[in-house]
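Q: Position chain B against the provided structure of chain A, taking the given hints into account.
Here is what each chain is made of, one letter per residue.
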Amino acid sequence: MRQKSYLYTLLAAFLLTGSLLHAQQGEMKATISYAPAMPVGSFKDHINKTSLNGWNANLQYGISDKFSIGGGVGFNDFYKKYPRQIYKTGEGSDISAVLTNSVQVIPVTVNARYHFMPESKVQPYAGINIGANIIMYEELLGEYSNDSKSTVGFTGSPVAGVFIPFSKTGLTGIDLGAAYNYMPFKYGDINGLDNLSVRLGISFPLRN
Amino acid sequence: MKTIFLISAGALLLATTACTKNAADRLSDDESRIYITNHDETAAFTSYSTFSIADSVALIDNNQFTKRERTPFDAQLIDAFVAQMQQKGYTRVAANANPDLGITVNRVYNDYSGLINYGDYWNYYGGYWDPYYWGYPGYSYYYPSFYGVYTITDGAIQADMVDLKNAASSNKLKVIWDGMIRGAGTFDQSKIDQNVSALFTQSDYLKTNQ
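Listed in order, the protein sequences are those of chains A and B.
All residue numbers for the first sequence refer to my numbering, where the first residue is 76 and numbers rise by one.
All residue numbers for the second sequence refer to my numbering, where the first residue is 12 and numbers rise by one.
Here chain A stands alone, though its shape is the one from the complex (with noise of 0.2 Å):
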């Protein structure tokens, strides 16, 4: 109970700083980011390659001129290969193969920022992004599917970074930004799917 009063208070205080500035309220803006993303924690054991295939969209709309509320929709693709081993597969079996872990991940969520100083040359940003994640886990041996998984779960994502307008008041300009991201899955001994992106995005105003 007194965490949500603490955060009606925090939203009323943004509520009212955006109302003594007027650059961001009203406004919708879309980000596109290109989005590397490096696996952190267990699943770094499962694939400990970047994935350098990684995309970011997001709407943010001005509450205020600090506080913003959004949508987002990313995509990553992460994916190792081991070298060829033999794996003992039973009582006298035995399969030589290169194993690869493939995941894909599409995080759908909306997203909440609060911006530090909305009028400065660089303006930094923090937030968090909640929402749904759309998970493909393949396992192969060589070219054949070993096991396989898709699944929709939980990804949670605190975010910070910065926005660097191209001109003093406007509104479209670089963004610069790096996230955590929470996404848990559990499936045979794989315990999570959390990594950590960084975003290199060009923002820009939706006007009608």
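Some hints here could point you the wrong way.
Unchecked claim - Result set (BS3-like, lysine-lysine): computed pairs, CA atoms no more than 27 Å apart in a straight line: (1) A/K163 / B/K218; (2) A/K156 / B/K183; (3) A/K155 / B/K202.
Quick caveat, the hints were computed from the structure, so don't treat them as lab data.
A: For chain B alone, kept in the frame of chain A given last:
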């Protein structure tokens, strides 16, 4: 403008998803192949000294025996098995010279798919060879109980090794070793030696003391 963004974002996502290579497509031919061997752990491989190998290859199409062939590919394939057995110390003899072991080689083509379940990875392809071939008409092939039947998706080279030495006393043709090659390049003639060698490399128990 919003519509344009939504369409662009959707298109971007679709493009990245669609352009993401299937995991199997990122493998070279050599990486895509798998080599599977099963053996009867109760078999004393060192107690055998001679072997005979069928001089043609059986074609099995969707679990139907089609014919036996000896194309240049098949001849080289048989020679590769002979060379590997000889490297392991076994001596090749004629089929009518009481060999201890009998080897048959098959080319297998199937259309349907399935996940690899390696606990059950076994087949009865050797059973397509008439026991008469080994001089034991009326005998049945016997596969150790821990082996299961598995279906495969594409072409494979498969070989069985039958215990002929103890056939008369056990009244059965016991298959004591099975090898299978699957994946891209399985039927590439230049890969025959490499592929057959891989089966024997992972079967280090195959050796004779005789």
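Q: Now tell me if each hint is right for this structure.
A: Against the structure, the hints:
Between A/K163 and B/K218 the CA atoms are separated by roughly 20 Å; this keeps the pair inside 27 Å, and the hint holds. Between A/K156 and B/K183, the direct Cα distance comes to roughly 43 Å. Violation of the 27 Å bound is thereby established for this hinted pair. This hinted pair checks out: A/K155 and B/K202 have alpha carbons roughly 26 Å apart, not beyond 27 Å.
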